Amino acid sequence: MNVLLQGQGEAAQAILPNWMTGYAMLFGQTGQGPGKGTIPESGGTITLSYDPSEPANQLLGERVELNARDAGIRLQTAASAANADVRLLRIPLASPQPQLALEAVAEAAGLPLPRFQGTSPEELYAREKEMLQSGRIIPLAHVPQASAMGPGVEGWRTDLFGDYRLADVWLSGSKP
Numbered sequence: 001m002n003v004l005l006q007g008q009g010e011a012a013q014a015i016l017p018n019w020m021t022g023y024a025m026l027f028g029q030t031g032q033g034p035g036k037g038t039i040p041e042s043g044g045t046i047t048l049s050y051d052p053s054e055p056a057n058q059l060l061g062e063r064v065e066l067n068a069r070d071a072g073i074r075l076q077t078a079a080s081a082a083n084a085d086v087r088l089l090r091i092p093l094a095s096p097q098p099q100l101a102l103e104a105v106a107e108a109a110g111l112p113l114p115r116f117q118g119t120s121p122e123e124l125y126a127r128e129k130e131m132l133q134s135g136r137i138i139p140l141a142h143v144p145q146a147s148a149m150g151p152g153v154e155g156w157r158t159d160l161f162g163d164y165r166l167a168d169v170w171l172s173g174s175k176p
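Mapping the sequence shown onto our numbering, position 49 (from 1) lands on 49, and the numbers just tick up by one.
Incorrect hints may appear among the rest.
Unchecked claim - Simulated restraints, written as ranges between beta carbons of each label pair:
id, residue 1, residue 2, range
1, Ala82, Leu26, 35 to 41 Å
2, Arg74, Gly173, 30 to 36 Å
3, Ser172, Leu26, 30 to 36 Å
4, Gly28, Ser172, 26 to 32 Å
5, Gly173, Pro121, 46 to 52 Å
Just so you know, the hints here were simulated from the structure itself, not pulled from any lab data.
Small disclaimer: the values here were computed from a predicted structure and weren't measured.
Just so you know, even glycine gets a beta-carbon here, dropped at the ideal spot from N, CA and C.
Let's have the full structure, built from the sequences with the hints guiding it.
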């Protein structure tokens with residue numbers, strides 16, 4: 001996190017960040033966090049693919065490979081490997097509403113959509129826990145979106161999900 005992501009974001013133990021749900025820290029307390037028991041015991045090499053169009057993905061994949069090696073797991077990274085065992089994905093949160101965000105993550109990861117009966121935090125936690133226990137998704141980090149503007153741009157703001165509010169933007173000296 002400190003080197004590759006320049007200190008941005010936080011290590012993830014849950015699919016949704018704690019600021020969205022308030023319970024993410026519970027996934028780290030049980031000793032049954034993401035990834036526990038999900039590594040095949042065949043002794044073979046696992047191939048991790050990543051999207052090479054995102055510049056940080058190769059570095060992140062190589063870091064995962066290094067950490068896996070330290071844990072005694074043989075893992076090899078490959079750009080866009082069609083026959084990869086696992087994939088490194090960047091999945092932006094699609095909504096500030098936790099249920100919709102969790103559904104969008106499931107869809108982007110190719111997982112079955114969680115079935116919600118209501119909107120309680122307990123049910124949200126249960127659906128997220130089911131997704132994690134499936135072993136088909138292992139969150140690594142929650143990283144905020146960032147943008148930068150030149151010194152002449154005024155009024156530039158994005159909301160929590162990176163949506164631009166262009167109606168309030170002007171160039172210095174040109175505001176009506």
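Could one say that the CB atoms of Ser172 and Leu26 fall in the range 30 to 36 Å?
Violated: the Cβ-Cβ distance is about 47 Å, outside 30 to 36 Å.
Cβ distance range 46 to 52 Å for Gly173 and Pro121, holds or violated:
holds (49 Å)
Mind checking the hinted window 26 to 32 Å against the Cβ distance between Gly28 and Ser172?
At roughly 46 Å between Cβ atoms, Ser172 and Gly28 fall outside 26 to 32 Å, so the hint is violated.
Given a hinted range of 35 to 41 Å, is it respected by the beta-carbon distance of Ala82 and Leu26?
This hint holds: roughly 37 Å between Cβ atoms.
Evaluate the given range 30 to 36 Å for the C-beta pair formed by Arg74 and Gly173.
Violated: the Cβ-Cβ distance is about 60 Å, outside 30 to 36 Å.
Hint compliance for this structure: hints 2, 3, 4 are not met, and every other hint is.
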